[in-house]
Amino acid sequence: MLTIILTGISLAAIYAIAASGLVVTYTTTGTFNFAHGAIGMLAAYLYRQATASTDFGGWGWPVWLGLIFVVLFAAPAFGVVVERGVMRRLDGASEVVKVVVTVSLLLALVGLAVWQWPSVSSDPEKFLVGTSWEKFRFGDTTVTGHQIVTVCVALAVAIGLRLLLFRTRLGVAMRAVVDDRNLVRLNGAKPHRLAMFSWALGFSLAAVSGVLVAPERGLNQVQLTLLVVNAYAAAVVGRLRSLPMTFVGALVLGIGQSLAATKLIGVNIGWFSLADLQYAVSPVLLFFAMLFLPSERLRAGAAKRVRESWRLPSLRTAAWGALGFVVAVVAATDLIGADPDRAGLVTALSFALVALSLVPLTGMAGQISLAQMSFFGVGALIMSWIGDDGHTVAGLIVAIAVSAVVGGLVALPALRLTGLYLALGTAAFSLFMTRMVFKQTRLMPGEQVAVPGLDLGFATFRTNQAQITLLAIVFAAVGVFVIWLRGSSFGRRLTAMKDSPVACATLGLDLTRTKIAVFALSAAIAGLSGALVNRSVANSDFELLASMNVTMLAVVGGVGAVSGVLFGGLLLGVINKLGDVLFASNAVGIFEFVKIAVVDLQKVAPGFIGIGLGANPSGAATDIADTYRPVAESRPALSLAVGGPALAWVLARSGTINKWTFVAVLAVMVFGVIPAVPILLRPIPGGRASAAGAFAIASIVVTGAIDWETLTASNGMRVLWMLIACGAVARGVMAIHGQFPHTGAAPQPSPDLVGIDRPLDRSDAIEAERVLGLTEGVLRGAP
Amino acid sequence: MTPIDTSAAPPLLELSGVRAGYGSIEVLHGVNLAVPAGSVVALLGPNGAGKTTTLGVACGLIEPTAGKVLMAGRDVTGVAPEELVRRGVVTIPEGRGIFPNLTVRENLQMVTYGGARLADVEATAYERFPRLGERRKQLAGTMSGGEQQMLAMARGLASNPALLFLDELSMGLAPLVVEELYGIVAQIARSGVSILVIEQFARTVLGVADYAAIMLNGLVRSVGRPADIEDELSAAYLGGQKP
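Going down the list, the sequences are from chains A and B.
With the working numbering applied, the first sequence closes on residue 783, and no number is skipped along the way.
With the working numbering applied, the second sequence closes on residue 243, and no number is skipped along the way.
Be a bit skeptical, because a hint or two may be false.
Claimed, not checked - Simulated restraints, written as ranges between beta carbons of each label pair:
{"no.": "1", "chain 1": "A", "residue 1": "A503", "chain 2": "B", "residue 2": "A66", "range": "32 to 38 Å"}
{"no.": "2", "chain 1": "A", "residue 1": "R731", "chain 2": "B", "residue 2": "A66", "range": "52 to 58 Å"}
{"no.": "3", "chain 1": "B", "residue 1": "Q187", "chain 2": "A", "residue 2": "H192", "range": "34 to 40 Å"}
{"no.": "4", "chain 1": "A", "residue 1": "D91", "chain 2": "B", "residue 2": "G73", "range": "49 to 55 Å"}
{"no.": "5", "chain 1": "A", "residue 1": "A768", "chain 2": "B", "residue 2": "P46", "range": "15 to 21 Å"}
{"no.": "6", "chain 1": "A", "residue 1": "D179", "chain 2": "B", "residue 2": "G133", "range": "51 to 57 Å"}
{"no.": "7", "chain 1": "A", "residue 1": "A505", "chain 2": "B", "residue 2": "P46", "range": "51 to 57 Å"}
{"no.": "8", "chain 1": "A", "residue 1": "I473", "chain 2": "B", "residue 2": "A66", "range": "34 to 40 Å"}
Claimed, not checked - Only pairs whose alpha carbons sit at most 25 Å apart, straight line, appear in this in silico SDA-like list of lysine to any residue:
{"no.": "9", "chain 1": "B", "residue 1": "K137", "chain 2": "A", "residue 2": "N182"}
{"no.": "10", "chain 1": "B", "residue 1": "K137", "chain 2": "A", "residue 2": "V86"}
{"no.": "11", "chain 1": "A", "residue 1": "K190", "chain 2": "B", "residue 2": "V178"}
{"no.": "12", "chain 1": "A", "residue 1": "K190", "chain 2": "A", "residue 2": "A331"}
{"no.": "13", "chain 1": "B", "residue 1": "K137", "chain 2": "A", "residue 2": "L161"}
{"no.": "14", "chain 1": "A", "residue 1": "K263", "chain 2": "A", "residue 2": "R442"}
{"no.": "15", "chain 1": "B", "residue 1": "K137", "chain 2": "A", "residue 2": "S242"}
{"no.": "16", "chain 1": "A", "residue 1": "K659", "chain 2": "A", "residue 2": "L161"}
Calculated directly from the structure, the hints in this document are not laboratory data.
This one's a predicted model, so the numbers in the text were calculated from it and none came from an experiment.
Beta carbons are placed, not taken as given, at the ideal position from N, Cα and C, and that holds for glycine.
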């Protein structure tokens, strides 16, 4: 028993170090660093790289030098870079964007580590001071030197932080920033410098915890990252503020885990195995900590101004868009020869549908969830049980219903909490489901589940082509439903709740029911997507990182718009699956000269895309939509935009042009020519519209005349050439036309544009009254 | 009406043609204002006139879109507030310029970023406001409104400024406390500090001020000795025409 407690304490020490780093950064900058675990993981790898002997591929540095390099140099320097490059631009962004950017950082770093250190033979003897030390004996208990070092470091961190924050001017100023940033400046201190220091300190502490935990648990990118994620729970026990309570949380967590690891092996409740409960201690603790957190007081004040903005399409536009989408998807897949080649698109659409579930939840209601793939998993599980013997329709309905109920349950602790706590709560739920449900051998034999295809009686969906058609129709239908919902009273309630919870409360709006309903709805959509997956899914698809990926790319695409999440979902599908199919068999790789294989780039790409979100919180879709909006508004332009690709499709279908040529023609049309069409149709004085139009048509014909299939053997080079062609055509059209107005978002109207160039005074008021026919009698209410 | 006499020396603070705003909304439409060395200028005006924005520009928190901020004749437009603080420009912002989650002593510790020594700051603060001395370990946010404002004023006193900006000292305080605070303002003024005071309630400040400026709709409409300006003041607040 003593051994268990001692092991628990050394584990607790690691959590305490990691959690205190989280708390310090959060309290002083207001940003919760989800990437904390990934920093620790990366630090452990870097430390191993520096100190491992050259025989093991390391640099062979002595241990002390490696420690100083990683903890005091590399980690803080990286913290400074992240603060300057990423976090500083997030001032004024919503909580959702802040969460997504740090989640992206996590994903990017995990990708980077997987890429850089695909497999490392750990060299435990030399890993860290103390691991090779004798074990100490107290009676019949043994303690390793490493455990003693760990506990000592934790105590030093605790005392050091206490002294820093309460005894030094730097620490006092770091706490002052939270209260009033401007007042700190008026006192003569520089908040940016304080924030930089705070990020550097946080990263350093993450590095310490990573280096300490790695020798105990071994080097594995995802495992190490998630291990430090456990520290979230300890930080929440400290309400992300109090360091002493954080240490208490870490202690509970460490001892609980150590107890569960030894006492629960082989324990079952019925068929439900508790063996993995040690990994679920952290989510459970987080859940309870949140239940007992004092409810966040509704803060009065102005409605939140956020930088994101989305346009709501009319129902008519949405319906046409949905129809166009289904036709385009079916037509495009029809050209693919072999059915297995369509699998990538099935996955992409499946992700898009999960991402769609975030539109009501995140886009409208402003609630963030990092557990959508868990609901997806619930849907898949239910469908495989019930749908197994042919009752697929019943399976689908039950899957949707159960997902909705589970979603509603997850919302319960979230009712009193907002933003960040919600993200943490759903992350905990996701970890819990992964460990306790999706790993149960009874539920998922072989860690995977076979989901049958839908059988409607008159139609069965088993082939990839059928599956694509089904998913496209379902996505289109749910998308239209979501847009309709936004205009309904429920949608208004959601948006109102996002903008100002205070105003909602004073209007007597029932926030509880609205929140549960939107969570249930969102979970139901994700569950629907899981139930329609029609293949064998491994439980790793339901993990936290998968959910993070979906949420991140939905927000990157633009989570307020159906088109945005479609873009995000397809991007994820392309990066995850289609890219592998296209480029993995590519013998030379895409850029031979840079020697970066696309497949490697794919590992880090999504994370970096997400980090870039700081620059454009509304997501990519709004930018794209702004470019194409004039096309949709002009009828002749729209018919050309639809007619051109349709003609190309007919040519490809009949075999006149080959498929790669079709792709090239389509790309040139969509990206090079169509955005310019409305301008060409409505000539501007001085513009050579007809010449530019002729050039556009000629370039499309030339593109079609080239045999893209034999042009080059490399898929990568082919895609590269197409991109160059698109850019050249677009530039060419603009250059020939000469008078090309700037396309894109209209600038915010300034008061000058509105026609007011001076402050209004009394004479203006009198004039306004005269124009409106307001006499004194009218104002007094006389007849 | 006596215009501000700036013939002797350049004024310590001068705003000329300052335009500023928030996003696409312009609040100040060309503000001209001068604070002569060693005098107290009261900036008066109704809600939304642009007084606090003017102060924000003067202390460096808001960068003007046009116009210049001069201090002792030198152009300081766009200089960061923390740099100005180190050169003796102290601002006590609207609504208690204190950190509520720091103790009294820690609040005073923040003052040392301006260059003063902690021991001096504490000595000055506790001598002037003995009550702060009794509460040095208490969280500032848990003190009464008057005590909080005293703490804020202590910063103004202890950092030994050349130019002091005060924004709505009287807000939400009992008349007796306000009187006491303005007594201290008068004392600071006598020691030669130039002060710009913003007030919505003119009566509280006119006794202390050498000059008063009236602001309306983002412009300084008139400047003069307090006695000359009273009539115009009531007109400005009531939105009526000049009598």
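Hints and how they fare:
1. A503(A) to A66(B): 32 to 38 Å: The hinted range 32 to 38 Å holds for A503(A) and A66(B), with Cβ atoms some 36 Å apart.
2. R731(A) to A66(B): 52 to 58 Å: With a Cβ separation near 37 Å, R731(A) and A66(B) fall outside 52 to 58 Å, so the hint is violated.
3. Q187(B) to H192(A): 34 to 40 Å: 36 Å, holds
4. D91(A) to G73(B): 49 to 55 Å: With a Cβ separation near 34 Å, D91(A) and G73(B) fall outside 49 to 55 Å, so the hint is violated.
5. A768(A) to P46(B): 15 to 21 Å: At roughly 20 Å between Cβ atoms, P46(B) and A768(A) fall inside 15 to 21 Å, so the hint holds.
6. D179(A) to G133(B): 51 to 57 Å: 22 Å, violated
7. A505(A) to P46(B): 51 to 57 Å: Roughly 31 Å apart at Cβ, these two residues miss the hinted range, so it is violated.
8. I473(A) to A66(B): 34 to 40 Å: 57 Å, violated
9. K137(B) to N182(A): Answer holds: K137(B) to N182(A) is near 24 Å, not above 25 Å.
10. K137(B) to V86(A): Violated: K137(B) and V86(A) sit about 37 Å apart, past 25 Å.
11. K190(A) to V178(B): Given that 25 Å is the threshold and the Cα spacing comes to 32 Å, the pair is violated.
12. K190(A) to A331(A): Cα-Cα ~58 Å, so violated.
13. K137(B) to L161(A): Holds, at roughly 20 Å.
14. K263(A) to R442(A): The hint holds at about 21 Å.
15. K137(B) to S242(A): It holds: about 18 Å lies between the C-alpha atoms, which stays within 25 Å.
16. K659(A) to L161(A): At roughly 63 Å apart (the allowed maximum being 25 Å), L161(A) and K659(A) break the hint.
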